[in-house]
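Asker: With the hints as extra help, turn the sequences into a complete structure.
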Amino acid sequence: MDKQIVIGAIVAPHGVRGEFRVLPLTETPDLFLKLTYLLLDNGKKLHIKAARLHKNVYLIKVDEINSMDEANLLRGQNVYVNSIDLPPLQEDQYYVADLLGFEVYDTTELFIGTLKDVLPTGSNDVFVVQDNNGKELLIPALKTNIRKVDVAARRIVALLPEWAD
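Position 52 of the sequence shown, counted from 1, bears residue number 52 in full-length UniProt numbering, the numbering being contiguous throughout.
Be careful, since some hints might not be right.
[What the hints assert, rightly or not] Simulated crosslink set (SDA-like; lysine to any residue; CA at most 25 Å straight-line):
1) 148 / 136
2) 55 / 31
3) 3 / 80
4) 3 / 100
5) 44 / 59
6) 148 / 103
7) 135 / 113
8) 44 / 14
9) 44 / 31
10) 49 / 100
11) 45 / 67
12) 3 / 16
13) 3 / 67
14) 49 / 96
[To be verified] Here are the in silico distance ranges between beta carbons for each label pair:
15) 50 / 122: 27 to 35 Å
16) 49 / 110: 17 to 25 Å
17) 40 / 159: 37 to 45 Å
18) 140 / 91: 16 to 24 Å
19) 72 / 107: 35 to 43 Å
To be clear, the hints were calculated from the coordinates, so they are not data collected in a lab. From the three backbone atoms N, C-alpha and C, an ideal C-beta is built for every residue, glycine too.
Answerer: Given below as C-alpha cells:
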C-alpha cells in the first residue's frame, strides 16, 4: 500500500460555497496547484475542483464540500497525498515521513537514538533524536553533520555538534 504523506492542514472555511483554507506543510507548496485530490485524516478522498494561492494559504474547492458549514467540519484536519503522487526528489533529498524511525549513529558507529521528528527552522531543518532514556538531542540537518543516510538499512550516520557531549 502507498504511504500517505501530510502536505497541509485545514485551518478555516473560506466563503459560503465550501472552499477552505489549507496551510501548506511542505517545501513544495505549489503542489496544491497540481493535485487532483486530497486525503483527510480518516482516509476520505476529496476531489479538487479548484486551488489558488491566497496570502500564505491555499484556497481549495472540492466536489464533496458545498457549504461553509461542511467546510467548517474539516477545520483542524491534516491533508495528505499518496507518496507516489509527490514530485521526485533530487539526490540527498528525503521526505521527512520516510526518515522518521531511522536509527541514528555517530561517526564512530555508537548508537545515539531514533529520529523522532524533523523541525523546520527556516535556514535548515533540525533532527530530533531520542535516546533509549527518552532524552532528546537536536542535530542540525546540514551536510556537515549528516554524513550518511542509508534508506535500505533505515540508518543515519551523524557528526554530533561539539556541544552535544
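Asker: Hint by hint, say whether it matches the structure.
Answerer: Outcome of the hint check:
{"no.": "1", "hint": "148 / 136", "in the structure": "holds (20 Å)"}
{"no.": "2", "hint": "55 / 31", "in the structure": "holds (16 Å)"}
{"no.": "3", "hint": "3 / 80", "in the structure": "holds (10 Å)"}
{"no.": "4", "hint": "3 / 100", "in the structure": "holds (13 Å)"}
{"no.": "5", "hint": "44 / 59", "in the structure": "holds (19 Å)"}
{"no.": "6", "hint": "148 / 103", "in the structure": "holds (12 Å)"}
{"no.": "7", "hint": "135 / 113", "in the structure": "holds (9 Å)"}
{"no.": "8", "hint": "44 / 14", "in the structure": "holds (20 Å)"}
{"no.": "9", "hint": "44 / 31", "in the structure": "holds (19 Å)"}
{"no.": "10", "hint": "49 / 100", "in the structure": "violated (33 Å)"}
{"no.": "11", "hint": "45 / 67", "in the structure": "holds (17 Å)"}
{"no.": "12", "hint": "3 / 16", "in the structure": "violated (33 Å)"}
{"no.": "13", "hint": "3 / 67", "in the structure": "violated (30 Å)"}
{"no.": "14", "hint": "49 / 96", "in the structure": "violated (28 Å)"}
{"no.": "15", "hint": "50 / 122: 27 to 35 Å", "in the structure": "holds (30 Å)"}
{"no.": "16", "hint": "49 / 110: 17 to 25 Å", "in the structure": "violated (53 Å)"}
{"no.": "17", "hint": "40 / 159: 37 to 45 Å", "in the structure": "holds (40 Å)"}
{"no.": "18", "hint": "140 / 91: 16 to 24 Å", "in the structure": "holds (20 Å)"}
{"no.": "19", "hint": "72 / 107: 35 to 43 Å", "in the structure": "violated (51 Å)"}
Comparing the model with each numbered hint stated earlier shows that hints 10, 12, 13, 14, 16, 19 do not hold.
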